[in-house]
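Q: Given next are the chains, with one letter for each unit.
4 protein chains.
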Amino acid sequence: MNRTFFIVGGDLRFAALADVLAENNRVFAVGFDRTAAMSDKVQTCDNVLSAEERADCIVLPLPASADGVTVSTPFSGRNVSLESLTHIIKENGVVFGGMISPKVREIFENRGITVFDYAQREEFAVMNAVATAEGAVQAAMEELASTLSGRKILILGAGRISKVLIDVLSGFHTDITVAARKCSDLAWAKVYGCHGVRISGIDDILSGFEVIFNTVPAVILDENRLKRIDKNCLVIDLASKPGGVDFETAGMLGVRALWLLSLPGKVAPVTSGKVIADTIGNILSERSESNDRP
Amino acid sequence: MNRTFFIVGGDLRFAALADVLAENNRVFAVGFDRTAAMSDKVQTCDNVLSAEERADCIVLPLPASADGVTVSTPFSGRNVSLESLTHIIKENGVVFGGMISPKVREIFENRGITVFDYAQREEFAVMNAVATAEGAVQAAMEELASTLSGRKILILGAGRISKVLIDVLSGFHTDITVAARKCSDLAWAKVYGCHGVRISGIDDILSGFEVIFNTVPAVILDENRLKRIDKNCLVIDLASKPGGVDFETAGMLGVRALWLLSLPGKVAPVTSGKVIADTIGNILSERSESNDRP
Amino acid sequence: MNRTFFIVGGDLRFAALADVLAENNRVFAVGFDRTAAMSDKVQTCDNVLSAEERADCIVLPLPASADGVTVSTPFSGRNVSLESLTHIIKENGVVFGGMISPKVREIFENRGITVFDYAQREEFAVMNAVATAEGAVQAAMEELASTLSGRKILILGAGRISKVLIDVLSGFHTDITVAARKCSDLAWAKVYGCHGVRISGIDDILSGFEVIFNTVPAVILDENRLKRIDKNCLVIDLASKPGGVDFETAGMLGVRALWLLSLPGKVAPVTSGKVIADTIGNILSERSESNDRP
Amino acid sequence: MNRTFFIVGGDLRFAALADVLAENNRVFAVGFDRTAAMSDKVQTCDNVLSAEERADCIVLPLPASADGVTVSTPFSGRNVSLESLTHIIKENGVVFGGMISPKVREIFENRGITVFDYAQREEFAVMNAVATAEGAVQAAMEELASTLSGRKILILGAGRISKVLIDVLSGFHTDITVAARKCSDLAWAKVYGCHGVRISGIDDILSGFEVIFNTVPAVILDENRLKRIDKNCLVIDLASKPGGVDFETAGMLGVRALWLLSLPGKVAPVTSGKVIADTIGNILSERSESNDRP
Chain A
1 MNRTFFIVGG
11 DLRFAALADV
21 LAENNRVFAV
31 GFDRTAAMSD
41 KVQTCDNVLS
51 AEERADCIVL
61 PLPASADGVT
71 VSTPFSGRNV
81 SLESLTHIIK
91 ENGVVFGGMI
101 SPKVREIFEN
111 RGITVFDYAQ
121 REEFAVMNAV
131 ATAEGAVQAA
141 MEELASTLSG
151 RKILILGAGR
161 ISKVLIDVLS
171 GFHTDITVAA
181 RKCSDLAWAK
191 VYGCHGVRIS
201 GIDDILSGFE
211 VIFNTVPAVI
221 LDENRLKRID
231 KNCLVIDLAS
241 KPGGVDFETA
251 GMLGVRALWL
261 LSLPGKVAPV
271 TSGKVIADTI
281 GNILSERSES
291 NDRP
Chain B
1 MNRTFFIVGG
11 DLRFAALADV
21 LAENNRVFAV
31 GFDRTAAMSD
41 KVQTCDNVLS
51 AEERADCIVL
61 PLPASADGVT
71 VSTPFSGRNV
81 SLESLTHIIK
91 ENGVVFGGMI
101 SPKVREIFEN
111 RGITVFDYAQ
121 REEFAVMNAV
131 ATAEGAVQAA
141 MEELASTLSG
151 RKILILGAGR
161 ISKVLIDVLS
171 GFHTDITVAA
181 RKCSDLAWAK
191 VYGCHGVRIS
201 GIDDILSGFE
211 VIFNTVPAVI
221 LDENRLKRID
231 KNCLVIDLAS
241 KPGGVDFETA
251 GMLGVRALWL
261 LSLPGKVAPV
271 TSGKVIADTI
281 GNILSERSES
291 NDRP
Chain C
1 MNRTFFIVGG
11 DLRFAALADV
21 LAENNRVFAV
31 GFDRTAAMSD
41 KVQTCDNVLS
51 AEERADCIVL
61 PLPASADGVT
71 VSTPFSGRNV
81 SLESLTHIIK
91 ENGVVFGGMI
101 SPKVREIFEN
111 RGITVFDYAQ
121 REEFAVMNAV
131 ATAEGAVQAA
141 MEELASTLSG
151 RKILILGAGR
161 ISKVLIDVLS
171 GFHTDITVAA
181 RKCSDLAWAK
191 VYGCHGVRIS
201 GIDDILSGFE
211 VIFNTVPAVI
221 LDENRLKRID
231 KNCLVIDLAS
241 KPGGVDFETA
251 GMLGVRALWL
261 LSLPGKVAPV
271 TSGKVIADTI
281 GNILSERSES
291 NDRP
Chain D
1 MNRTFFIVGG
11 DLRFAALADV
21 LAENNRVFAV
31 GFDRTAAMSD
41 KVQTCDNVLS
51 AEERADCIVL
61 PLPASADGVT
71 VSTPFSGRNV
81 SLESLTHIIK
91 ENGVVFGGMI
101 SPKVREIFEN
111 RGITVFDYAQ
121 REEFAVMNAV
131 ATAEGAVQAA
141 MEELASTLSG
151 RKILILGAGR
161 ISKVLIDVLS
171 GFHTDITVAA
181 RKCSDLAWAK
191 VYGCHGVRIS
201 GIDDILSGFE
211 VIFNTVPAVI
221 LDENRLKRID
231 KNCLVIDLAS
241 KPGGVDFETA
251 GMLGVRALWL
261 LSLPGKVAPV
271 TSGKVIADTI
281 GNILSERSES
291 NDRP
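Chains as they are written, first to last, in our numbering: chain A, 1 to 294; chain B, 1 to 294; chain C, 1 to 294; chain D, 1 to 294.
Looking at chain A on its own, in the form it has when it is part of the complex (with noise of 0.2 Å):
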């Protein structure tokens, strides 16, 4: 690519990615005085207006800031503002972050900055699905006294979480239930070798499963549903707020139930970052595609 990118602030995720990026670019890291992460072709730069050079591209975290005002950087402690980016990006630059406020968004739009939320494109989605998938497998292994393989599993929804874990735990030999709204749903989960049940449905099902993954941000195992699973049921709850298991009901039946929350930036932050490179590497592809037309 070549370009000169500013990578300012975030975790592990974003010292990796600094790291995938200064392979062909000159990458310049803001906020992380504190790790040794990163090799040494990326230059860590403490104050940003001291930076020798302007950004072709600056990297936000995600989310991009929490406070609206200024840019979260866990390794060093002193957070940036994003109005001072503003100064140091050239004038055609882009911004890239993930899950940006609108007003974060406006801070940049109205002094001509063009930017784009990488956590909105649909390929972020699909590759982070690995590390949740695999994060969910790792968990289980962890919970159960019993191997993976030969367990009786249902997995709750048939999104791409879903079809990810059902992939990874191929080589496992489990048997696996799918519970989905859709027909097409149930169709996929058959094609993949799994059961298919309507999430209508389940109530009649839920017994005799050693193994339950949610992945519906939705309150799917209420107290009902909680009395019907086996006791020793481990219950894995991948889904977004609110979550798919009422918790605190599950706490008082006994049920072994654990919330796994960002799972691709906890189990797998390297992978994490080139996710983020490689989704920023496709908006500028498509960009300079859409404007190399007449």
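Each hint should be verified, as a subset may be incorrect.
Note: identical chains are not told apart, hence a pair may lie in one copy or across any two.
Here are the simulated lysine-lysine pairs, DSS-like style, with alpha carbons at most 25 Å apart [unchecked claim]:
{"id": "1", "residue 1": "Lys227", "residue 2": "Lys41"}
{"id": "2", "residue 1": "Lys90", "residue 2": "Lys190"}
{"id": "3", "residue 1": "Lys41", "residue 2": "Lys90"}
{"id": "4", "residue 1": "Lys41", "residue 2": "Lys152"}
Please keep in mind that the hints were generated in silico from the structure rather than gathered at the bench.
Given chain A, work out where chains B, C and D should sit, using these hints.
A: What follows is chains B, C and D alone, placed relative to chain A:
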């Protein structure tokens, strides 16, 4: 389900369909005099009007009618007029058919009869993709003088058939590259262990493949590209018209290229019949669910 | 089976074993006072001699005895003397144990009691390879900051554990090379989609791997070879003593190297107990089959 | 390798073998006048004695000779006498052949020429199992009116071919039961996600299967058992003589039973030729290694 079905015309798939439906319903098969493929539970019925009962459901073949007036009955030879079917259906009966033309639809809807096209359903397409993928793999095995195991394969397109093809091939340990337009499709290809390449850039990577499966219904492999593929490469085109290969040029260049259409009915008529039965079952379930609502 | 079993000592595996056997037999568990893991069907029994029945079968742990005189009982603390067990067994009873020393074997055989070592059985080793492989994969996931998906992996050795490891990893879409001595083992590796390399030639190919699993019980990764592997490579040694890695040198070179022993009992005690139960069941079946013969 | 090879006689496999060897060696092919399958690098040679060079290695077909006197040459018609070959080989040359009879072996060994039977090598059998398994799957697909996906399958025997068959079928999501004699073989079947049943107990479980693959060279499916299998069940016998099926009775009972022999040469001659080339390469490597030792 326990309804009265009339299966009117069609090939082996519809004989299989009659068998499946007869497990839980009364089933009359019209236009199947010459085949003995069906179980005793199915009553064959020479003349539509001679049946002692009226139909809850009529099932037409795929396509429902070639001429807009009659139903094709390859197993008896005497075509059945669509108009005659309106007399044997109950007042709130339902007609199912595949690829129903507006003209055929009108014949029934004008009389207040509900019409469903099972071939329009997403789960129908998903389930049929299995037979298509298996048929493609079978053809490749028949054509190749090598094992499939170890082959270098290119799949053009990343839709349903491609996804199932990747899955079916997983036990053969081939080396698969997927060419697709969308970044998210390429991300999926990588999730499933394939290489991914933008379809716009395939000119540069066409050499070295031993089998190419096309699923894109547009002439991807034109003269320019056919000249770039290896001379022993086998090309299997699964795309509907116009197909993805310039077959005339392929012939002149000595490229082995097969165009395989309508595989499910050819390689797996029994499974195809079950797929139609499942799809009809889904439509009837959804209908009774929505009728139950106040 | 409907026999009377005495399970004497052992860890969680033997509590699980007692549970499984209790489904079809009378089971007394000796040395399990402090655990509540067993079902109500198992009768815990403080003093061996207090049991109202004599045993058809006695099951000793793995290893059967550390000192050749007593059985270790981690869940009660009061060790049981092997000699005392000879008084509670029926005349034609059978003793099962794991890794039974000649001295322990003599104690029983001198009194005409038949002794079987379940740990010597091939199916025992095969079934345990699943827990070992899963434990190795779990450890790799815990250690890596990347997903397992996409990693370049070297497996040293081509025995049972390697074969299962390749299978468990199949859903992760890794790139596996197997190093082995025999041509037929390398042929098997290729059948399962791996690269194969003669172990005598690994010096030249050690760089570039991100994870190395060793299964060969000989120091394969000596100083010379440890210097050739990538500095971020994770080494997981699954071989019994002396292990396959020069750990001291690995430590000095900063290579992350884990030596994971006895994984089945640690990561999957319940499955391990079932494996012992299945193996004992096989021995008893074969015994009654051969007794049936004239 | 850079040696001089004479490929004498044989079918398409040996044309492919000549091609592979010609990449790194001088190769003369005797008895291939009528085929154009070979690359320009292979020199076809009408009369053995007319060659300008003497051979380091002579490769005979599989079987090496049907009559003990001549080599069969289906592609030219003029058989070559084994005796004549002793005149074109260098002093320390080597003869390779498949299923070499003692009589043929003597012809060469009496003159001090070393003889190797590549068909005796374990890796040869392992690599050929892939073509056999693929051929069996291809035949099943051709015969069945259903998809392979979802079928209930019985595999008799648990050797190489069974193992590869299970692997090839993994992407089809079938439901496989393996019948075998040894407990360890049944353990392996379960590791790979199959059901396992002792072959002595199959009488009770034969019904319900849709495809049966036999790999055991003994008449397992006799009249009694053929009567117990489903009337639509497809039987594919892969065992060498006497085969595993009473075909006469199968015919009378209307059971579809295919006996598929020598599949590698039929369904994948090119791969089979490479397998022979790889095996010969292994033999030569081992030979030079052992010669290097003091």
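Q: Now look at each hint and say whether the structure bears it out.
A: Right, here's what the structure says about each hint:
With identical chains, the CA atoms of Lys227 and Lys41 are at most 25 Å apart between copies only, with a shortest distance of 24 Å across copies and 56 Å within one. Proximity of Lys90 to Lys190 under the C-alpha cut-off of 25 Å is found in neither arrangement, the shortest distances being 52 Å within a copy and 34 Å between copies. Proximity of Lys41 to Lys90 under the C-alpha cut-off of 25 Å is restricted to the intra-copy arrangement: shortest distance 22 Å within a copy versus 60 Å between copies. Proximity of Lys41 and Lys152 under a CA criterion of 25 Å is satisfied inter-copy only: 24 Å between copies versus 48 Å inside one chain copy.
Hint check: a violation occurs at hint 2 only; the rest are consistent with the structure.
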